[in-house]
Amino acid sequence: MTIFAPSKSREMKQLLFIFFFGITTVGFSQKNYTSKDLKVSRFIDGTILVPKAVENPPLAILIGDSGPTDRNGNQQMMNTNTIKFIAEGLSKKGIATFRYDKRILKQMMDRTINEESISFDEFIKDANDVIEYFERSKAFSKIYVIGHGQGSLVGMVAAQEKAAGFVSIAGAGQAIDDVIIDQLEQQAPGLKDNARNAFNEMRTNGVTTNYSSGLSSIFRKQIQPFMLTWMKYDPQEEITKLNMPVLIITGEKDMLVQVSEAKKMKAAYPDGELHIIPNMNHVLKEVGDNAIENSKSFNEPKRPISPKLVNLVVEFILK
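Each residue of the sequence shown is one higher than the last, beginning at 27 in this note's numbering.
Hint data in this document are derived by calculation from the structure and do not stem from the laboratory.
Keep in mind that a hint or two might mislead.
Said to hold, decoys possible - Label pairs and their computed distance ranges (CB to CB):
# : residue 1 : residue 2 : range
1 : K345      : Q212      : 33 to 39 angstroms
2 : Q212      : S239      : 16 to 22 angstroms
3 : S239      : R137      : 25 to 31 angstroms
4 : N223      : Q102      : 29 to 35 angstroms
5 : S238      : K65       : 19 to 25 angstroms
6 : K78       : D219      : 28 to 34 angstroms
As the list claims (entries may be wrong) - Below 30 angstroms or equal to it, Euclidean Cα-Cα: the simulated BS3-like pairs (lysine-lysine) are:
#  : residue 1 : residue 2
7  : K267      : K345
8  : K188      : K290
9  : K322      : K151
10 : K188      : K267
11 : K164      : K118
12 : K57       : K118
13 : K168      : K119
14 : K218      : K188
15 : K118      : K322
16 : K62       : K289
17 : K290      : K258
18 : K328      : K188
19 : K267      : K164
20 : K62       : K78
21 : K247      : K132
22 : K345      : K78
23 : K247      : K289
24 : K132      : K328
25 : K247      : K188
26 : K62       : K118
27 : K258      : K188
28 : K334      : K119
29 : K188      : K151
30 : K267      : K322
31 : K151      : K62
Ideal placement from N, C-alpha and C gives every residue a C-beta, glycine not left out.
Could you build all of it, start to finish, from the sequences and the hints given here?
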């Protein structure tokens, strides 16, 4: 290059080249996949990563946790990049990935959301639409479904008779009302019986008004229709409908979903693999015993996820 012609020193030329181009070159060599934003339907916008050197690779569809979660695993008050890190980790190992924004995020941005009309079944439909979209493309050797948190149950139902394998990460192993009752027993035992009665009334009458003000975030009128549609799915029943390899992963330091939930799934599907990752929390970061550090990691977007998690998923898909 003529820009370096005045220098007679080979070493100086190399240093100058590294100074001007080294960072870009290193970054390019590590990014061995292409990235493209993709619109699957009017409700589903996402990002697909495709390995450059792999012809007809397997595809992993990533489904995020509860709430208005974006394709990277983030919300307004939570910034972890959890789903993004999984996607990038898999794509670096030769596995294509697609991750997408949940429809309620789009509806909130468009100001078209009606809280009382939200249904858990819509999340399942979106996941089904994504699977069918890529099935029609014929671009991938196999399709795997990976669900995180609430996305575990969504993916579990959507994957039935459609996917080559299913991965549950930090997912619940029982119906959501039973999960909440167990959480209350640990954190607010005085509200447990009141919540159980309210859930029972919802199952019987479709609505409840007999609940403590301390439980209003769960039982307020606007959200009860959604809770009812969520409650009708029991992971221990849904997982038995899967005729495919299953990988169940949970973190030892998960403060939101207990390890016992993963064990319930394993008991219901004995052929599935179960891995409990030491020091991993709900957003898949490695933390110590300090509860403050655990909570703080929910807003540390640059903090990497557990490498063991990525390795387990890669081994599961590629074996």
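*Should the hint that S239 and R137 are 25 to 31 angstroms apart at their CB atoms be regarded as holding?*
At roughly 29 angstroms between Cβ atoms, R137 and S239 fall inside 25 to 31 angstroms, so the hint holds.
*asked:* Check whether the Cα positions of K62 and K118 lie no farther apart than 30 angstroms.
replied: At roughly 15 angstroms apart (the allowed maximum being 30 angstroms), K118 and K62 satisfy the hint.
*Would the pair K62 and K289 pass a check requiring their Cα atoms to be no farther apart than 30 angstroms?*
Violated, because 37 angstroms separates the two Cα atoms, which is more than 30 angstroms.
*Is the straight-line distance between the alpha-carbon of K247 and that of K132 30 angstroms or less?*
It holds: about 23 angstroms lies between the C-alpha atoms, which stays within 30 angstroms.
*Are K290 and K258 close enough, with their CA atoms no more than 30 angstroms apart?*
Cα-Cα ~17 angstroms, so holds.
*If you draw a straight line from the CA of K258 to the CA of K188, is it 30 angstroms or shorter?*
holds, 21 angstroms
_Between the alpha carbons of K334 and K119, is the straight-line distance 30 angstroms or under?_
holds, 14 angstroms
*Are K78 and D219 spaced within 28 to 34 angstroms by their CB atoms?*
violated, 57 angstroms
*asked:* For a C-alpha distance cap of 30 angstroms, please report whether K188 and K267 respect it.
replied: Roughly 11 angstroms separates the two Cα atoms, so the pair holds.
*asked:* Run the distance test for K188 versus K151: straight-line Cα separation, threshold 30 angstroms.
replied: holds, 13 angstroms
*asked:* Given the hinted pair K322 and K151, is their Cα-Cα distance within 30 angstroms?
replied: violated, 33 angstroms
*Take the C-alpha atoms of K328 and K188, compute the straight-line distance between them, and say whether it is at most 30 angstroms.*
violated, 34 angstroms
When each numbered hint is compared with the structure, violations occur for hints 5, 6, 9, 14, 16, 18, 23, 25, 30.
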